[in-house]
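Q: Spelled out from the first residue to the last, the chains are:
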Amino acid sequence: MALFEISEPGEAPSTLPHRRAAGIDLGTTNSLVATVMEEVAATIGDELGQHLLPSVVRYRADGSPLVGLTNQQFIHDDPLNTISSVKRFMGRGVEDIQTLANKFPYEFVHAERGMPRIKTVAGDFSPVEVSAEILKALKVRVEQTLEGPLDGVVITVPAYFDDAQRQATKDAAHLAGLKVLRFLNEPTAAAIAYGLDQGAEGIHAIYDLGGGTFDISILRFSKGVFEVLATAGDSALGGDDIDRAIAEWLLEQADIGADADHKRLQEVMYHARVAKELLTEQDSVELTIRRPDGTDWHGQMNRAEFAEQIKPIIHRTLAPCKRVLRDAGIELRDICEVVMVGGSTRIPLVREMAGKFFHCEPHVDIDPDKVVAIGAAIQADILAGNKPDNDMLLLDVIPLSLGIETMGDLVEKLIPRNTTIPVTRGQKFTTFKDGQTAMAIHVVQGERELVRDNRSLARFELQGIPPMVAGAAHIQVTFQVDADGLLSVSAKEQSTGVETGIVVKPSYGLSDGEVEKMLRDSLTHASDDVNIRRLREYQVEAERAFNVLQVALNENGEQLLSSVERARIDTALDALQSVRQGKDYLAIKKAMTVLDRVSSEFAERRMNASIHDALTGHKVNEFSE
Amino acid sequence: MGITLTDTAAEHVRGFLKKRGKGSGIRLAVKTSGCSGLAYVLEVFDQVEPEDIVFEDRDVKVIVDPKSLIYLDGTELDFSREGLNEGFKFNNPNVKDACGCGESFNV
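So the sequences go chain by chain: A and B. Counting from 1, one number per residue, gives the positions in the first sequence under our numbering. Counting from 1, one number per residue, gives the positions in the second sequence under our numbering.
Treat the hints with care, as some may be off.
Stated by the list, open to error - Think about it this way: if two alpha-carbon atoms lie no more than 20 Å apart in a straight line, the pair counts; the simulated DMTMM-like pairs of lysine to aspartate or glutamate are:
no. : chain 1 : residue 1 : chain 2 : residue 2
1   : B       : Lys19     : A       : Asp521
2   : B       : Lys67     : A       : Asp409
3   : B       : Lys67     : A       : Glu412
4   : B       : Lys89     : A       : Glu8
5   : B       : Lys31     : A       : Asp409
6   : B       : Lys31     : A       : Asp151
7   : B       : Lys31     : A       : Glu5
8   : A       : Lys428    : A       : Asp453
9   : B       : Lys31     : A       : Glu267
10  : A       : Lys517    : B       : Asp65
11  : B       : Lys18     : A       : Glu5
12  : B       : Lys31     : A       : Glu541
It is worth saying that the hints were derived from the structure and are not from the lab. Computed from a predicted structure; not experimentally measured.
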């Protein structure tokens, strides 16, 4: 007797394997990948523990392109072949990038259909291809961690990305061999990471100050869905501006002219960045800067001085904040929560000024560099079907159960009604007859036990099952209902991998009244349904036993049975044959018991015979190894 | 008839609910499993559906949907220890035969 544990509602163990899913934040400056492991979403680092992957791809004359950190120095040393900020070109035509392109050193080749390509030593590449390289690097990282291929990813895009830009991102994912479960707006991902979709309905502000861009988005969460009410921002405002302001102050303090050589300026920029990072934790920093004449400047910078320098920059974020409120048509007091995203929001003054503007304490607990990727990973985990019946992203529920037809005109339900979508469920089925090479999959909807009392949705056939004895084939049938209510059914034979499937819209042409009637019928007929299921199950079992015995008798009934024994089995078979289509399940059961008794000796002899066959002609020592 | 619990089973359910912090009782159900046969479902519940039938035994609420009740009526839920394992056990008078591991059964 099996022992049971109490499960959470709807989480009773099912046969569906855990799916590998990841969330990807494909950023202008840096990209990240995160996944949910053991209920916790976390970003994944490289072998050196670096989580941020600089969105930089360097093409080489010989060898494959390099992605990430090691390339950053080449932005200056090999600018034509080291592509950064490619996100800015995604889905843009030649005309669109004309003004943008002047700011970058790359040479653009204009192809016929308006898709610009970047000329490098390794050939011409489109922004889509460059992005694909970044995605491939992230894919490798997550697949190593999860020890297997990804089933799907959620990729975040800016809320203002249009269809062309999203399509270009999708193409890049496709090139990288990734299946996109869904695109998620970056601010929405941040809100999900903080669990705002678990809270009450309301309006939230997402303040995203990154390395080079500032975005402010207003989201409304209602009925389980986030809606982007408005976005605003400044595409040339970010942490780099803060570094520059500090560097200028340092140059002034150290009495170094702005005409100092490039290397010296780079060094000062580096000190500025270090000072910025230290001042988020401590009240003042000690600095030493070498002047061009070889002497050193020693000094310190405290938080007040730091704040004074960067205040005008942070102040520039407030104008878009005002604009976005106006565009969204809401008042300041309508905002419930403020979420901070982007590395620059680590600076205490940024938090303070944003908090003061929105009159509330912003969310800062999750690493602002990782928060978007984490939200995407949580979403990916749900979309991949790893959290059945999770009430997160409650978009809709399935009004009627979905299942397939099994032997005996019976329905096997795979997704019970009232399950929230999106959802994925699976179950293993097997063949009924020896040598069966095809299986008909009949998808039905409804609560009743018999196929004919339910609604037929679709039929298809899985062919190419290798011939095996009945019950040996493993066919995984998977039902997946996406967020739009679209049902995809697939059937896969596990040994050969042959697979086929179909997509249907179960809610199509079904009124509320019909749904209600189908539900009521299932309750009024509950007891009939149970009886008929029991009868059908015995009928199916009888047919199976009948077939198995026939095959066995044809094979070696002659040699293993005396005529008396054979006659006894034949009589029992006839008896079963006469009742097995009838309505009396007890009669079928009785006939099967009799058949079982008279044929058990035969079964035993068959077993001995096959063991004998297997051993005959072999020496004992052949088996000893 | 209905559903009953043994003292030890009731004690374990109450302990489970206390530890979980929410939930009003347990749901017993059967679901079809494989090409034939049925399997038990034992879950904590947060919500009672309108058609559910509610039982109460030893201060534990047990809900069963009407279809499952046909297979489960008269069941006593027990908690037992078998070697290293311990867990809940369905003593179901409707069962005619069960598979070897006891996870699926026939009526």
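Q: Taking the hints in turn, state whether each one holds.
A: So, going through the hints one by one against the coordinates:
Of the pairs offered as hints, the one joining lysine 19 of chain B and aspartate 521 of chain A is violated, with about 39 Å between alpha carbons and a cut-off of 20 Å exceeded. Note on lysine 67 of chain B and aspartate 409 of chain A: the hinted pairing holds, with a Cα-Cα distance of about 19 Å set against a maximum of 20 Å. Restraint check for lysine 67 of chain B and glutamate 412 of chain A: satisfied, since their Cα atoms lie roughly 15 Å apart, inside the 20 Å limit. The straight-line distance between the Cα atoms of lysine 89 of chain B and glutamate 8 of chain A is roughly 18 Å, inside the 20 Å bound, and the hint therefore holds.
A distance of roughly 17 Å separates the Cα atoms of lysine 31 of chain B and aspartate 409 of chain A; the hinted pair therefore holds under the 20 Å criterion. Restraint check for lysine 31 of chain B and aspartate 151 of chain A: the C-alpha separation of about 28 Å exceeds 20 Å, so the hint is violated. For the suggested pair lysine 31 of chain B and glutamate 5 of chain A, the alpha carbons sit about 16 Å apart, so the restraint of at most 20 Å is met. This hinted pair does not check out: lysine 428 of chain A and aspartate 453 of chain A have alpha carbons roughly 24 Å apart, beyond 20 Å.
Straight-line distance between C-alpha atoms of lysine 31 of chain B and glutamate 267 of chain A comes to about 69 Å, which puts the hinted pair past the 20 Å bound. Straight-line distance between C-alpha atoms of lysine 517 of chain A and aspartate 65 of chain B comes to about 18 Å, which keeps the hinted pair within the 20 Å bound. As the CA atoms of lysine 18 of chain B and glutamate 5 of chain A are separated by approximately 15 Å, the hinted pair is consistent with the 20 Å bound. The straight-line distance between the Cα atoms of lysine 31 of chain B and glutamate 541 of chain A is roughly 19 Å, inside the 20 Å bound, and the hint therefore holds.
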